[in-house]
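Residue numbers for the sequence shown follow the working numbering, so the first one is 1 and each next one is one higher.
Hints may be right or wrong, so weigh each one.
In silico SDA-like pairs for lysine to any residue, Cα to Cα no more than 20 Å straight-line [unchecked claim]:
id, residue 1, residue 2
1, 17, 99
2, 54, 86
3, 17, 86
4, 54, 25
Source of the hints: derived by calculation from the structure; they are not laboratory data.
Small disclaimer: the values here were computed from a predicted structure and weren't measured.
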Amino acid sequence: MDVRYPVARRQLFEAVKALSTSADSIQTRLIDATDSLLAVTIDEFSNDPELTIKFARILDLIAVDRDDVAAIAVETAAYMSDADACLIAALVCDFLYEVA
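Take the sequences, apply the hints, and build the full model.
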């Protein structure tokens with residue numbers, strides 16, 4: 001059986017683990033998940049425009065500035081409301097479901 005998006009699946013799974021296995025604030029868990037999310041490239045979904053758009057939305061929500069995405073993502077998450085951080089966490093979980 002051919003596995004679709006193996007790198008994305010592995011990294012998204014790690015992001016979901018970071019989001020779900022800590023007692024830290026949702027913002028801190030989102031920061032921890034960012035490294036795994038940023039290891040996925042949007043090019044991996046080039047054959048599926050719908051997945052490309054959904055992943056781009058997640059990236060836009062965690063870091064709108066493309067210069068230093070990792071640093072911006074940490075800063076953005078640190079000042080995010082619980083509701084906004086939970087929305088992104090839910091999008092990450094939904095996205096993992098779609099690529100798995």
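20 Å limit on alpha-carbon distance, applied to hinted pair residue 54 and residue 86: Holds - the C-alpha atoms of residue 86 and residue 54 are around 16 Å apart, at most 20 Å.
Distance restraint between residue 54 and residue 25, which requires alpha-carbon spacing of 20 Å or less: violated, 25 Å
Straight-line alpha-carbon gap residue 17 to residue 86, limit 20 Å: holds, 14 Å
Residue 17 paired with residue 99 [C-alpha distance capped at 20 Å]: holds, 16 Å
Hint check: a violation occurs at hint 4 only; the rest are consistent with the structure.
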